[in-house]
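**Q** Protein chains in written order, with this note's numbering: chain A, 1 to 457; chain B, 1 to 457.
FYI, nobody ran anything at the bench for these hints, they're computed from the structure. Careful: at least some of the hints might be erroneous.
Derived CB-CB ranges, DEER-like [said to hold, decoys possible]: (1) B:124 / A:23: 57 to 63 Å; (2) A:102 / B:280: 30 to 36 Å; (3) B:118 / A:215: 42 to 48 Å; (4) B:21 / A:426: 15 to 21 Å; (5) B:441 / A:401: 48 to 54 Å; (6) A:118 / B:441: 53 to 59 Å; (7) B:124 / A:95: 34 to 40 Å.
Over 12 Å on every C-beta distance to chain A, these chain B residues come out as not near it, computed from the model [claimed, not checked]: (8) 13; (9) 20; (10) 25; (11) 48; (12) 182; (13) 225; (14) 384; (15) 385; (16) 415; (17) 441; (18) 457.
The structure displayed is predicted, hence computed values, not measured ones. Backbone N, C-alpha and C define an ideal beta-carbon position, used for all residues, glycine too.
Protein chains: 2
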Amino acid sequence: MRHAKTLEALSQLLPGRLSTSKSDRNLHGRSESYFDLMPPDAVAYVETTQEVQNLLKICSQFECPVIGWGTGTSLEGHTSAPRGGISVDFSRMNKILQLNAEDMDVLVQPGLTREALNIELRASGLFFPVDPGANASLGGMAATRASGTTTVRYGGMRENVKALEVVLADGQVIQTGNRARKSSAGYDLTSLLVGSEGTLGLITKLTLQLHPQPEAISAGIVAFDSMQQAVKAVIATIQMGLPMARIEFVDGATAQAFNEYAGAEMRIQPHLLFELHGSDASVAENAELFCDICQEYGGAGFQWSALPEERTALWTMRHNGYYAVLASRPGARAIVTDICVPISALAHAVEETHADIARSAISGPILGHMGDGNFHAILLIDPDNASEYRAAMQISDRMAERALALGGTCTGEHGIGMGKLKFMEQEHGLAWEVMRGLKRQMDPLNILNPGKLLRQN
Amino acid sequence: MRHAKTLEALSQLLPGRLSTSKSDRNLHGRSESYFDLMPPDAVAYVETTQEVQNLLKICSQFECPVIGWGTGTSLEGHTSAPRGGISVDFSRMNKILQLNAEDMDVLVQPGLTREALNIELRASGLFFPVDPGANASLGGMAATRASGTTTVRYGGMRENVKALEVVLADGQVIQTGNRARKSSAGYDLTSLLVGSEGTLGLITKLTLQLHPQPEAISAGIVAFDSMQQAVKAVIATIQMGLPMARIEFVDGATAQAFNEYAGAEMRIQPHLLFELHGSDASVAENAELFCDICQEYGGAGFQWSALPEERTALWTMRHNGYYAVLASRPGARAIVTDICVPISALAHAVEETHADIARSAISGPILGHMGDGNFHAILLIDPDNASEYRAAMQISDRMAERALALGGTCTGEHGIGMGKLKFMEQEHGLAWEVMRGLKRQMDPLNILNPGKLLRQN
Numbered sequence: 001m002r003h004a005k006t007l008e009a010l011s012q013l014l015p016g017r018l019s020t021s022k023s024d025r026n027l028h029g030r031s032e033s034y035f036d037l038m039p040p041d042a043v044a045y046v047e048t049t050q051e052v053q054n055l056l057k058i059c060s061q062f063e064c065p066v067i068g069w070g071t072g073t074s075l076e077g078h079t080s081a082p083r084g085g086i087s088v089d090f091s092r093m094n095k096i097l098q099l100n101a102e103d104m105d106v107l108v109q110p111g112l113t114r115e116a117l118n119i120e121l122r123a124s125g126l127f128f129p130v131d132p133g134a135n136a137s138l139g140g141m142a143a144t145r146a147s148g149t150t151t152v153r154y155g156g157m158r159e160n161v162k163a164l165e166v167v168l169a170d171g172q173v174i175q176t177g178n179r180a181r182k183s184s185a186g187y188d189l190t191s192l193l194v195g196s197e198g199t200l201g202l203i204t205k206l207t208l209q210l211h212p213q214p215e216a217i218s219a220g221i222v223a224f225d226s227m228q229q230a231v232k233a234v235i236a237t238i239q240m241g242l243p244m245a246r247i248e249f250v251d252g253a254t255a256q257a258f259n260e261y262a263g264a265e266m267r268i269q270p271h272l273l274f275e276l277h278g279s280d281a282s283v284a285e286n287a288e289l290f291c292d293i294c295q296e297y298g299g300a301g302f303q304w305s306a307l308p309e310e311r312t313a314l315w316t317m318r319h320n321g322y323y324a325v326l327a328s329r330p331g332a333r334a335i336v337t338d339i340c341v342p343i344s345a346l347a348h349a350v351e352e353t354h355a356d357i358a359r360s361a362i363s364g365p366i367l368g369h370m371g372d373g374n375f376h377a378i379l380l381i382d383p384d385n386a387s388e389y390r391a392a393m394q395i396s397d398r399m400a401e402r403a404l405a406l407g408g409t410c411t412g413e414h415g416i417g418m419g420k421l422k423f424m425e426q427e428h429g430l431a432w433e434v435m436r437g438l439k440r441q442m443d444p445l446n447i448l449n450p451g452k453l454l455r456q457n
Numbered sequence: 001m002r003h004a005k006t007l008e009a010l011s012q013l014l015p016g017r018l019s020t021s022k023s024d025r026n027l028h029g030r031s032e033s034y035f036d037l038m039p040p041d042a043v044a045y046v047e048t049t050q051e052v053q054n055l056l057k058i059c060s061q062f063e064c065p066v067i068g069w070g071t072g073t074s075l076e077g078h079t080s081a082p083r084g085g086i087s088v089d090f091s092r093m094n095k096i097l098q099l100n101a102e103d104m105d106v107l108v109q110p111g112l113t114r115e116a117l118n119i120e121l122r123a124s125g126l127f128f129p130v131d132p133g134a135n136a137s138l139g140g141m142a143a144t145r146a147s148g149t150t151t152v153r154y155g156g157m158r159e160n161v162k163a164l165e166v167v168l169a170d171g172q173v174i175q176t177g178n179r180a181r182k183s184s185a186g187y188d189l190t191s192l193l194v195g196s197e198g199t200l201g202l203i204t205k206l207t208l209q210l211h212p213q214p215e216a217i218s219a220g221i222v223a224f225d226s227m228q229q230a231v232k233a234v235i236a237t238i239q240m241g242l243p244m245a246r247i248e249f250v251d252g253a254t255a256q257a258f259n260e261y262a263g264a265e266m267r268i269q270p271h272l273l274f275e276l277h278g279s280d281a282s283v284a285e286n287a288e289l290f291c292d293i294c295q296e297y298g299g300a301g302f303q304w305s306a307l308p309e310e311r312t313a314l315w316t317m318r319h320n321g322y323y324a325v326l327a328s329r330p331g332a333r334a335i336v337t338d339i340c341v342p343i344s345a346l347a348h349a350v351e352e353t354h355a356d357i358a359r360s361a362i363s364g365p366i367l368g369h370m371g372d373g374n375f376h377a378i379l380l381i382d383p384d385n386a387s388e389y390r391a392a393m394q395i396s397d398r399m400a401e402r403a404l405a406l407g408g409t410c411t412g413e414h415g416i417g418m419g420k421l422k423f424m425e426q427e428h429g430l431a432w433e434v435m436r437g438l439k440r441q442m443d444p445l446n447i448l449n450p451g452k453l454l455r456q457n
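Please work from the sequences and hints to get the whole structure.
**A** Spelled out as structure tokens, the structure:
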């Protein structure tokens with residue numbers, strides 16, 4: 001049995017909480033994506049930082065891979081175990097440890113999900129804005145440098161993680177950052193660890209920046225005659241500096257999927273879904289300015305969601321976009337692409353992507369966080385049809401290459417994992433070697449999430 | 001002669017642009033602070049990335065220290081050459097290379113100053129907000145992770161540097177980041193290098209995030225009966241989420257210095273200096289809300305600066321605070337402290353600092369970026385009076401220790417350099433060792449700005 005000594009030592013460390021059952025291993029060996037099953041040898045249900053320290057000491061000793069696990073909503077194979085090892089499941093470390101309402105920050109454990117956090121925060125007048133759609137764990141969101149619908153206004157995990165507790169490969173624990181709003185004290189290790197995908201350490205605590213719940217919220221949808229007109233309206237909005245809290249694009253195919261999946265009654269046309277946060281007066285003023293911009297680009301059929309329930313329904317529908325599109329072709333699997341480009345190149349990138357998909361034999365609704373220049377195509381394939389898989393990968397690869405040619409990035413928010421490894425050389429050149437050097441320094445045995453993010457040789 | 005071989009090779013690389021004159025070396029061996037003169041062996045006036053690459057190859061070969069130089073406005077001895085070596089003066093690399101107005105970003109060389117950049121941007125409708133007071137170089141500001149008066153609204157260098165070109169210790173050049181608004185593609189090397197104080201590489205290009213010039217700006221000052229009332233008004237403003245563009249505190253002693261140095265007519269009382277950016281309507285609305293908050297804490301004597309010239313005069317006065325305070329005691333030298341604490345601890349930290357100063361034999365006006373929880377005492381000492389120096393260092397040390405005890409940081413924006421080395425262990429613990437590991441990995445010969453930021457053994 002692979003890693004037998006590790007498993008023996010860990011079963012003593014975590015009595016009753018080290019699972020080697022096939023179902024548990026299989027659950028932790030796949031995620032919501034197209035990667036083949038790559039199960040770990042065991043799943044460790046940790047409960048304390050001390051346990052994570054001891055686990056890493058044991059795994060260092062026996063050179064056994066260690067993969068962090070939050071909720072398994074990664075789309076690029078981050079949680080797969082291509083070399084076996086231990087999946088460290090943080091779902092039992094899901095507490096709020098300290099809410100500092102006056103300072104608008106909160107100390108949490110990594111297994112807490114963003115929705116659970118926001119439910120707990122309701123009475124505080126504060127909220128945590130980063131919103132990748134899925135109800136991901138906050139540790140996983142930090143590890144992936146996630147962002148989402150509200151990033152255009154509030155930033156993503158990069159901007160909203162203030163401090164971390166991290167267990168290093170050798171079991172030592174460090175604190176990075178502090179609770180002040182800024183600091184110039186040495187290397188920004190917090191930023192280095194956010195987005196490191198579990199390859200430099202395991203996050204055991206996070207201090208997150210919170211924001212005041214806005215006094216007024218206004219949300220709605222508006223339809224456009226063409227994708228390009230909708231994208232141009234977004235670009236004009238951003239360039240004018242309008243403080244949109246959300247500005248999301250969905251194409252006609254996504255609108256159709258929403259109608260079928262969620263009982264929406266949208267025109268089969270490109271739409272923007274938007275939200276404004278602020279005082280009553282500022283929201284009203286900015287809503288008017290946004291309407292003017294949309295109308296300039298032919299936007300029509302404005303529908304406003306005045307009631308909280310309506311807004312929740314709108315964003316639930318948006319967040320279920322992936323499932324809605326998936327349901328539009330029963331039995332299909334989805335390859336979700338994810339590129340981010342400078343705003344000036346957004347219309348071009350979306351149009352070319354759309355043309356690529358139209359030329360192919362597969363369908364691929366486009367939607368995204370257009371205010372950031374970040375969008376996705378949800379490419380639907382029959383998992384048993386190799387030519388559809390190839391077609392999807394070709395579209396996905398062309399998107400990433402186009403993004404790089406336009407000065408953007410091969411991933412706006414999903415991360416590298418295994419799926420985007422092939423673009424790292426092209427995107428970073430020699431800087432990818434620097435990343436490998438940092439990795440070697442911090443994890444010389446390469447036990448932390450091997451096979452991800454870094455060059456594999 | 002120390003480093004003779006390096007000097008010989010460099011004088012061939014940079015004919016007429018390698019200075020070993022005493023005046024040049026002395027100019028580059030001190031900064032605007034209290035450190036003793038520590039001159040480099042030569043000053044290299046570089047003009048291209050290629051020259052910086054060749055310079056670093058030579059300095060690697062001969063293990064000669066290399067210290068980046070922007071404008072010399074560092075306050076913690078960053079530019080001093082305690083081990084000699086080459087000061088790399090970037091003042092000739094001061095061009096704007098590419099303005100992407102649609103994407104609101106700009107590619108610049110590191111020697112360009114923030115004021116020069118903003119003058120060039122005037123016609124574009126955009127501006128670069130980070131504003132540390134001094135007319136620092138943008139490369140130096142990035143290296144120090146600088147921030148300033150507008151950080152409460154726009155963030156500091158951490159938030160506004162999108163991408164870098166960096167020459168590594170061995171002369172290799174890397175690109176970090178990209179022009180998209182966000183990315184999850186691998187380790188955030190840009191953030192690692194911002195704030196690394198020239199110890200990991202030399203910045204040769206920066207891509208900076210710009211912001212739309214606001215439609216309306218309103219600025220002014222308001223007086224308070226006590227420091228604590230003023231600080232409480234700031235805390236309430238931040239906690240309410242009012243989007244202040246600037247919210248600066250000065251105490252009565254600073255107000256007096258302004259009156260004497262800049263001909264101001266301020267009451268000898270604590271004041272807030274503030275600015276709002278936005279649309280006409282939102283600025284008016286927020287100004288009213290801010291007035292209400294101030295009045296709640298006894299704020300009085302509001303003066304509004306409606307005209308651009310008046311606003312410029314107001315912020316010029318603020319930015320010259322250091323010089324105004326320095327002029328209040330002719331012949332004195334200043335030790336400028338710099339701590340940042342969670343907002344909830346701000347009143348306590350300011351009050352205790354004030355009490356420490358009052359108990360001492362020296363004067364030390366207090367001013368700062370209160371919206372970030374960041375403030376400074378400008379401790380005035382007679383450079384020939386050892387007991388005054390000791391008293392100042394004692395106050396400064398107590399401030400830093402208090403900041404750490406309150407969950408803050410020993411430096412909000414001035415950096416570590418040599419001056420704050422003694423707090424790194426206490427602030428970071430084992431994480432400081434991690435920084436040293438990264439440094440060893442990226443600069444194994446320790447030629448990049450040795451003696452700064454990292455443990456010195």
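**Q** Among all the numbered hints in the text so far, which are the ones the structure does not match?
**A** Violated: hints 3, 4, 5, 6, 7, 12, 16 and 17.
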